[in-house]
Amino acid sequence: MTAVVLAAVVGALFALGTFLLLRRDLIRVVWGLAIISQAANVYLLSMGGIAAGTADSVPVLAGHGDHVPETADPLVQALVLTAIVIGFGMTAFALVLSYRVYEEHDTLDVSDLGDRE
Amino acid sequence: MTISTLTADTALVTLAALPAGTESQLVIAPMLIVLVAAVGSLLLSRWPRARIGVSLAGGAAYAIAVAAIDWYVVLAPDAPGIATYQVGDLPAPFGITLVVDGLSAFMLTMVAVLGIASLIFSTRVLPEIDRRSYYFPLFHFLALGVTGAFLTGDLFNLFVWFEVMLMASYIFVAYYGGPQHTRAAFWYVALNLLASAVFLLAVGGIYATTGTLNMADLSRRLADPAAYGIEPAPVVGLFALLLSVFAIKAGLVPFQFWIPTAYRAAPPQITALLAGATKKVGIYAIIRLSFTVFADADVPVELAVPGTELAVSGDSPLVFVGSALFVMAAASILVGGVGAVGRESIEGVLAYSSIAQVGFIAIPVAIAATAPELRHLAVVAALVYALNHTLAKGLLFLAVGAVRSATGTSRLADLGGLAGRSPPLAIGFFVGALALVGIPPLSGFFGKFLVFDAAARVGSAPVVGLLLLGSLLTIAYMTRTWNRSFWGVQTDAVENAAVDGVQVGVVVALAVAIVAVGVGFEPVYEFADAAATAALDSEAYVEAVDPIEPGEFESEGGEH
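Those sequence lines, one after another, are chains Z and B.
If you count the first sequence from 1, position 15 lands on 15 in UniProt numbering, and the numbers rise without skipping.
If you count the second sequence from 1, position 102 lands on 102 in UniProt numbering, and the numbers rise without skipping.
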């Protein structure tokens, strides 16, 4: 059940992100990118396995023999933490850059940007 | 100047610690040096001269460290050929592994040579006010990202180093801050953010499928999936995702559209690095993952070519990679070559040419992936061609930088008669152009020769024909650029040009390097040969990194 919900959430996020990415407004493009990177993060997190961790499902925990506590896979959490930080910085940079684009071009409309060399 | 002596000390300390066995601190030396240089130049923002001093010292120390790696790890008579560094002394696959083998060393050497040239060039290009900006720290962070990507031993860290490299390059594309620069930078950022998400998807999928991200561990598990209880089939699709990400970095068609605008927007000496170094990171990642990691995966692949009876089949993901690369490389050669012929500025020509040339590098990689018996020769061809492209394209972009800072323009319509204004610059550009075309005895000749050799041995007439067409296009657009900018009547811009001696000196030095590589090709070939051997020998790679089995960790404790 959880797996289906997560899959649906990831799918919906990607759909929404792609939709926004294809808008003409630059801010929506940035929103789209942010949502897509969050979708990738949720996906990455779910790749650790949704069931309670055992030596079979969580490779890193296998090193601890059979006495595996019920826990999620810590590795994907570490990966996602890194990915979130990077994605956060990138989104901030993209926002600043879109403000700069607005200053330079007086517009945030993608189709107007393309016309000026 | 304390920071610069610190940098030099770091180099000396690591030089003294020669590799014992296959573990060596030398592996991490280039990254540490460039990190110290980045932080040092960041702290010295109030003292432009000291900042430049630290930057140059960092660059020199980096070159020394790379040369030491080349000698002690790869080229010396009793060199181990491969060395690792387990960060924090955590054993692979749990810790972060840094690995240097022939392939990484070859790539690092290319980047070091071009990086030094670009760095010296930078010190002469920036006006006084710009030297106070974050140019030099960013330059070092770019180098740090590239170095990290070459040295890392696991997929997620590859992602991280890609991001480090990209963050610096985003800012360089937007560096001048004019309308076309911000626009180019925005699309460059947007595309790469999307690519990063795709990269994460592939990394997550590979972890879920195989249970590891360490490249050596991955290679070992994929070679014997049954022993590890994994089902390797999804790896082909995930590898395809990775391939698209790397193709974006390398600028292969259909992912080439960001290149012309981004290359025109960035400062020319940075464009030289983008074309010569970050592009090669994409190529390196394709070669490393294809031949060291995924080559032994035992997955039956059957691809029907739509609309025909033809099918591509084999028992490794490489079959798929090879076919996809063939198509992308062929399209790159055509799109880049045809696009370059009609450009209005020298940068435009070189940017499109860069798309075409990366096709020439990808063709032998594709041959290597599809024809196992030619694999070694084809990888050598790709590496030698990549080396030539780095030197020649780096030289040409730096020459454009010199032209632009002398005349204020790089539009072909505003140029003419540059050869009379500055003969050394003209000779440098000419050598670069000839190397790109592939005239003996320059480095380009051997690159082209090996690529044609590999294609001829496959016996595929269309591929040879395509390469010939690509070469003819190269001759066409380089001749046109040369005639329009260096020959003919001197225009006003050229007559009033103030050519900078150091800039021209850097261009000439790279031209000498191209001639030297061509004339003394034997050692270069041996190095490329060692690099190709290292790339194809996944057993030695696994052995050197030595990922321990899950379950072994507890018994071995921390002594490993």
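Bear in mind the hints are in silico, worked out from the structure with no lab data behind them.
Keep in mind that the hints are not guaranteed to be accurate.
Taking CB as the label site, the calculated pair distances span [claimed, not checked]: (1) B:A461 / Z:D25: 20 to 30 Å; (2) Z:I27 / B:W47: 36 to 46 Å; (3) B:A331 / Z:Y99: 51 to 61 Å; (4) B:A240 / Z:L95: 28 to 38 Å; (5) Z:A12 / B:A304: 29 to 39 Å; (6) B:A413 / Z:I27: 51 to 61 Å; (7) B:V327 / Z:V4: 50 to 60 Å; (8) Z:D25 / B:A413: 51 to 61 Å; (9) B:I548 / Z:Y99: 26 to 36 Å; (10) B:V519 / Z:G11: 50 to 60 Å; (11) B:W487 / Z:D109: 23 to 33 Å; (12) B:G501 / Z:D109: 45 to 55 Å; (13) B:G177 / Z:D25: 21 to 31 Å.
Sample of chain B residues at the chain Z side, in silico, Cβ under 10 Å [stated by the list, open to error]: (14) L43; (15) L166; (16) G177; (17) Q180; (18) V203; (19) A208; (20) P424; (21) I427; (22) F430; (23) S460; (24) W482; (25) N483; (26) W487.
Note that the coordinates shown come from a computational prediction; the quantities given were computed from them, not determined experimentally.
For glycine and all other residues, C-beta sits at the position ideal for the given N, C-alpha and C.
Tested hints:
1. For A461 (chain B) and D25 (chain Z), the hinted distance range of 20 to 30 Å is not satisfied, since their beta carbons lie about 50 Å from each other.
2. At about 39 Å, the CB distance of I27 (chain Z) to W47 (chain B) agrees with the hint of 36 to 46 Å.
3. Taken as a hint, the range 51 to 61 Å is violated for the pair A331 (chain B) and Y99 (chain Z), whose Cβ atoms sit roughly 36 Å apart.
4. Distance hint for A240 (chain B) and L95 (chain Z): a CB-CB separation of about 32 Å, consistent with the stated range 28 to 38 Å.
5. For A12 (chain Z) and A304 (chain B), the hinted distance range of 29 to 39 Å is satisfied, since their beta carbons lie about 33 Å from each other.
6. For the pair A413 (chain B) and I27 (chain Z), the supplied restraint of 51 to 61 Å is violated, since their beta-carbon distance comes to about 38 Å.
7. For the hinted restraint 50 to 60 Å between V327 (chain B) and V4 (chain Z), the CB-CB distance of approximately 37 Å leaves it violated.
8. Separation of D25 (chain Z) from A413 (chain B) is about 36 Å and departs from the stated range, judged on CB atoms against 51 to 61 Å.
9. Taking 26 to 36 Å as the suggested C-beta distance range, the pair I548 (chain B) and Y99 (chain Z) does not conform, at roughly 50 Å.
10. Range check, V519 (chain B) to G11 (chain Z): Cβ separation about 59 Å, and the 50 to 60 Å hint holds.
11. A C-beta distance of roughly 44 Å is found between W487 (chain B) and D109 (chain Z), which places it outside the suggested range of 23 to 33 Å.
12. Separated by about 47 Å at the C-beta atoms, G501 (chain B) and D109 (chain Z) satisfy the suggested range of 45 to 55 Å.
13. Between G177 (chain B) and D25 (chain Z) the C-beta distance comes to about 22 Å, which sits within the given range of 21 to 31 Å.
14. The restraint placing L43 (chain B) at the interface with chain Z is violated, with a minimum CB-CB distance near 21 Å, outside the 10 Å limit.
15. Interface hint status for L166 (chain B): upheld, as the beta-carbon distance to the closest one in chain Z is roughly 9 Å, under 10 Å.
16. Given the 10 Å rule on beta carbons, the hint for G177 (chain B) holds: about 7 Å separates it from the nearest Cβ of chain Z.
17. Of the supplied interface hints, the one on Q180 (chain B) holds, with its beta-carbon coming within about 6 Å of a beta-carbon of chain Z, less than 10 Å.
18. Proximity of V203 (chain B) to chain Z holds as hinted, the smallest CB-CB distance being about 7 Å (cut-off 10 Å).
19. Given the 10 Å rule on beta carbons, the hint for A208 (chain B) holds: about 4 Å separates it from the nearest Cβ of chain Z.
20. Interface restraint check for P424 (chain B): the shortest CB-CB distance to chain Z comes to about 33 Å, outside 10 Å, so the restraint is violated.
21. The beta carbon of I427 (chain B) comes no nearer than 33 Å to any beta carbon in chain Z, farther than 10 Å, and the hint placing it at the interface is violated.
22. With its C-beta approaching chain Z no nearer than about 30 Å, F430 (chain B) sits outside the 10 Å limit, and its interface hint is violated.
23. The interface hint given for S460 (chain B) is broken, as the beta carbon of that residue sits about 38 Å from the closest beta carbon of chain Z, more than 10 Å.
24. Evaluation of the W482 (chain B) hint against chain Z yields a violated restraint, the C-beta minimum of about 25 Å exceeding 10 Å.
25. Look at N483 (chain B): its Cβ only gets to about 25 Å from chain Z, farther than 10 Å, so that hint breaks.
26. Given the 10 Å rule on beta carbons, the hint for W487 (chain B) is violated: about 28 Å separates it from the nearest Cβ of chain Z.
Checked against the numbered hints given earlier, the structure breaks hints 1, 3, 6, 7, 8, 9, 11, 14, 20, 21, 22, 23, 24, 25 and 26 and satisfies all the rest.
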